[in-house]
Amino acid sequence: MSSLRRTFVRTVFSVACMGLAAAAQAAEPIKIGLITALSGQSALAGEAITRGLQIAIDEVNASGGLLGGRRLELVRRDDEASPAKGVVAARELIHKEKVAVIFGGLDTPVSLAIVPLVNQAKVPFMGPWAAGTPITKNGAKPNYVFRVSAVDEIVDAAMVDYAEKTFGATKYGLIMVNNPWGESNQKGLVAALEAKGMKPVGSEKFDGNEVDVVPQLSRLKAAGADVLMMVGNIGPSAQVVKSLDRMGWKVPVVSHWGPAGGRFTELAGPNAKNVHFVQTYSFFGEQSPVGQKVIDALKAKYPNVKGPEDITPAVGVANAYDALHLTALAIQNAGSTDGDAIREGYYKIDSYDGLIKQYKKPFSADSHDAITAQDYVWAQFIDDRILPVGLVK
Amino acid sequence: MQLLAALISGLGLGSMYGLMALGFHITHSVSGTVNFAQGSSMMLGAVLCFTFAQTLGWGLAPAIVLALLCCAVYGLLVEFLAVRPFASRGSNAWLMSTVALGIVLDNVVMHTFGKEPRSLPSPLAVTPIEVSGLGLGVYPLQLLIPLVGLALAAALHMVGRRTRWGTALLAVVQNRDAARLMGIPIGRAVAVTYAVSTLLAGIAGALIAPLFNVTADMGTLFGLKAFAVAILGGISSAWGVMIAGLIFGVAEALITVTLGSGYTHIITFTLVIAVLAMRPNGLFGRAEVKKV
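Residue numbers (the working numbering), protein chains in the order written: chain G, 1 to 393; chain Z, 1001 to 1292.
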């Protein structure tokens, strides 16, 4: 049965390739797929990824397209943050729309569900957001999954480093949301501490809809924690900050990027600004020429963008922008839209002067993640804006 | 000090569970049916409070009153749409239809209110009161919640025993047919209990909103725990469910603080099963006597 299915997939795939080959002759557009949440709680994030991609696509098309004048065209599908819907969308984009590359969204479970599918169908997958370590480290050979975003494993190590350097932390208290994301970061943080010969003084879980985190936090306080490592989405993170406020415990909080997802200051109150969290880019502060160019392009294309405060969430826009340009280079290197050639094309990228950084050999067979710990930016909420730490006192 | 903190947050949460469980109690004792989606009713109370107070800016007090009225009306709707058509035919399909109506409500709210969590500011949840100089603060609202819970349980108890309406309801409980013959409008009586049931959930929602994030799915886990509490307390006793709520809330907080949060759900729900195995009618319930 499975060999039958494989034959079927191969047939479909070769038909797809012939279709694409025929399309190339007619100079048809190269389709770029995007599967992310476009409705619901994460709609804003999906829109940010869309905008980052669209600005970059416009730039590529304005400079004459790829592979001898073929324009890029974005095809979006809503996964509603559901892995099942993501898989259905991926099948459709691969077999019906015949996209050259699929971009993923912000939910790690959705990306993890799509990964086996793209590896089987040999269609490159580019993750501009979801940070789950096993998305790119998925064990497949060859591996078609690439990422321009933070990686949980690396974020965990960076959080430990940041707490040590900034707050002189020696006693780490872990407060993790009770879901797979919290779980994997808990392991990552323990591993990162172990690498420095340390252990957390306490590790607590809390539920996504926990009202009061005081019991967990008072355990960490009693254990003598001098810094809190927090991993949770915006709502749960806000509950931690409010509980700290009630306890009157002024402890530095170093966080994954959960709080960046919305109105953190409204939810967490005035102490929201005490949470330092990881970002890959900030449109505030001094900008590189590329940064200025992207801000100007966004202002011109989207009337509701008046300044950096409207480019939100910034990581979605920035990661997607760089990821698309890197993908364009990969397609150019491949010389075709064949999945395997594009995969090799990513490895052949030499350098790219991007928004987040200057990429030098961003991908290799061993490393499918272009962003490293040195590229992270630490940010805090000042009112409703996400600013680099220390930009405003 | 840790234990004291746990006790206070446990009592606050426990009375939330108790309030919602009272809603299960009141409809169950009069009609033998419940609205399984009490969590959604609680969410409705919180979301409407936020909408009236923040989005429309009508002030907190009018917003709460109006939100609670809407909750009561929603309770009438639940009874009319999801319970009466099935219960009147002796079918148990109200089990599923109330759950379904709750899911519909959650999704309608998700589309209109949005899925982004919001926060309802309250003057009672701004400055924490320092408790006994131990570096432990509580919001005044956290102290108010158990008081409101107990007061409402007492009020329900009094209404049931001392007022015409209460005695009429008790009559329905004892003998439906005799009550009907005495001219008690049974249909209306059941509808009113649903309004009160949803109203109680709405009060829980309005009370918890400033301490929590207001979202379309905020009620789900609450509703589940409240049902566990209702069964634990013995659904036939108003005081029983309220006290079971407090016990459940305090147990949760104490387990979290002593053993760690990883064990909270495992132990509390195991305890629920253990208690039910030993006392099938709950801690304070009486066995239902079926007369043949």
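Hint data in this document are derived by calculation from the structure and do not stem from the laboratory. Some hints here could point you the wrong way.
Simulated crosslink set (EDC-like; lysine to aspartate or glutamate; CA at most 16 angstroms straight-line) [unchecked claim]:
no., chain 1, residue 1, chain 2, residue 2
1, G, 85, G, 58
2, G, 122, G, 338
3, G, 273, G, 286
4, G, 122, G, 340
5, G, 31, G, 80
6, G, 171, G, 183
7, Z, 1115, G, 338
8, G, 250, Z, 1177
9, Z, 1115, G, 340
Over 12 angstroms on every C-beta distance to chain Z, these chain G residues come out as not near it, computed from the model [to be verified]:
no., residue
10, 58
11, 204
12, 205
13, 302
According to the in silico footprint, chain Z covers these stretches of chain G (three or more CB under 8 angstroms from chain Z) [said to hold, decoys possible]:
no., region
14, 215-226
15, 239-253
16, 285-294
Remember, predicted model here, so these are calculated numbers, not experimental data. Glycine residues also receive a C-beta, built at the ideal position from the N, C-alpha and C atoms.
- List in ascending order the numbers of the hints, as given earlier, that are violated by the structure. Violated hints (numbers, rising): 1, 3, 5, 6, 7, 8, 9, 11, 12, 16; every other hint is consistent with the structure.
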